[in-house]
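Trainee: Spelled out, the chains give:
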Amino acid sequence: MSDSSIPLKVQEALTKSFHEIAPEIDFNQLKPDIPLRDQVDLDSMDYLNLLIKLHQRLGVLISVNDYAKVSTLKDLSLLLENEFQSKCSVRHE
Amino acid sequence: MYEFKMPSLGAEMESGRLVEWKIKVGDHVKRGDIIAVVDTDKAAIEIEIWKSGIVKELILKPNEKVPVGTPMARIDLEDEVPVVPQVTVKPQKTLAIQKAIALVMESSKRQIPHYYIARRVKALDLQQWLKSENASHGIGEQILLIAPILKAIALACRQFPEMNGRFQNQEFIPSHEVNLNVVISLREGGLIAPAIVNTDQLSVQEIMKALMSLVERARSGSVRSSELSEGSITVTNLIESEAELVFGVIYPPQVAILGVTRVNEETLNLSLSGDHRVSDGHQASLFLKQINQLLEKPERL
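Residue numbers (this note's numbering), protein chains in the order written: chain A, -7 to 85; chain B, 216 to 516.
Since no wrong hints were added, every one of them can be taken at face value.
Simulated pairs of lysine-lysine, DSS-like, Cα-Cα distance not exceeding 25 angstroms:
#1 B/LYS314 - B/LYS237
#2 B/LYS346 - A/LYS79
#3 A/LYS61 - B/LYS346
Read the hints as simulated data drawn from the structure, not as lab findings.
Bound conformation, chain B alone:
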């Protein structure tokens, strides 16, 4: 007999609420079947089972909220295939996502003393570099403006550990990895911010590919749960909007969120919301200056 337990869908997830069962007693389930929808603080997530068998008992009732690790169902197993803990994240509907965002943002603004700072970045050299790169590469290797910017941010994060990490249990722990969460808008409404792992170690070309894959998977609802919880800093990219400045709400337990906007063809704005428990405006201004310097020499990124 196998007990299916409430999975952990991210480091900070403590409990989950069963939205609905997709199975009933007596059903035959197989590896990869979606058996339930669980609501975390972040999103409604479809849970897959990684064993095959017959459903014996549904322990949890819809709407019940239980800690991670609590048995949810009992399954009579067919074979003993090793369990691979894995889930796919599928936005259920706009409402669920909006509700999840509301909860996280509310807790962020309640707990984190935000400060805000911005600076302009001259982007003429960057634009020219981008044009010549794209002119000399095929359709599969085209780069969009955001890719070198993400690379510059990631490199700067290495030198400013107070911008890149997690504040948990009254303590800031800098992250050894630079995992940039990128805010992606979903077609049906709502946002999701999965991470590009080790962004600082990828080439601009690789960042572009990772970003395209992430956007595609975010919009088709197949972002991995690890990609939501691994981030160490978030970037919100509004370069293509007509907004000139954005100050995001920090995605806890992270300690900074960077906004990228466009003033005109030659000028970008970098804006940062920081956690004042961990960093201050002086450090933040140096951080933005470093990103600007990196973007002045895009060929070195």
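Chain A extracted, bound-state conformation:
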């Protein structure tokens, strides 16, 4: 897998996972820099379900303890990309 495909994979996983936990939300309308909580009505259980689905799709583990660290979609994407990147490079070695 080339490095440039990582953001795309993450974006795809995010779109699909979001749709599954909250089909009423139009993912494309979400603003990446504004806290997710201010844009959508998701509780911690929705968030946990999102992390579970992302783990299934990308194999990336994010703990609910990181909730505070990832308040915006941008934070979440970056964290996922970094984790996914390191997971892929471990696999290549």
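Since chain A is already given, all that's left is putting chain B on it; use the hints.
Mentor: Just chain B now, with coordinates in the frame of chain A:
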């Protein structure tokens, strides 16, 4: 010939009103088909049939309200499969749910003399315990704050039977089981409060799993009718809201409802509405104290 009768969708259900038929005379129905929508005092519920055959006659007309057990339709059976009484509860629309909630809450406030009491709970140890638990477990075993709180409430219920039971026919009967009803908000609006059966006997991990399954099923409309009627006490969880206190309306025939809210990172509020025919503020304050003590040692839950 098989007579399909108005099913009982909960211990306190006495009658149901037919909202609409999903079948007509001559239709072939099979096991698991939804054949009608029935309005109880709680919700509009889709009724499934558990036999297969041809619809011969629709006895009941839409809008008719009849007691449980009244024949609704006649079906010519294909085979004699044993009847499994089972229904799935599917919220029809926000309006129906809101109407149902209105009826139950109205009857609660009319019949039950509520009293209210609250106390603060220091939650620093609980939060730290939760963090270390989550750091050492995989994504499938993550726990949210509400899970240990539910466990503490359930354990306290064992020692305070006057908080955990049903008031029916002018008499309070304590429940042998601790079945916590958990209020779940539905995405399309409205609430539903299904029970986690034997909450006191489950581990915190198991409570978390049960809760996740319940929320998922509540939101997809597949809560079992038994889960709505089995509860012995209700918990309304507003930890994630900015509200600092909530005093719920008791869900009859239960006799108490507990609210959980957050004041700040280190402090929670426990608030209780109790039925004064069954308990008083003194007992309630001891009940809340017991929950607080249990939460001080989360590793023992």
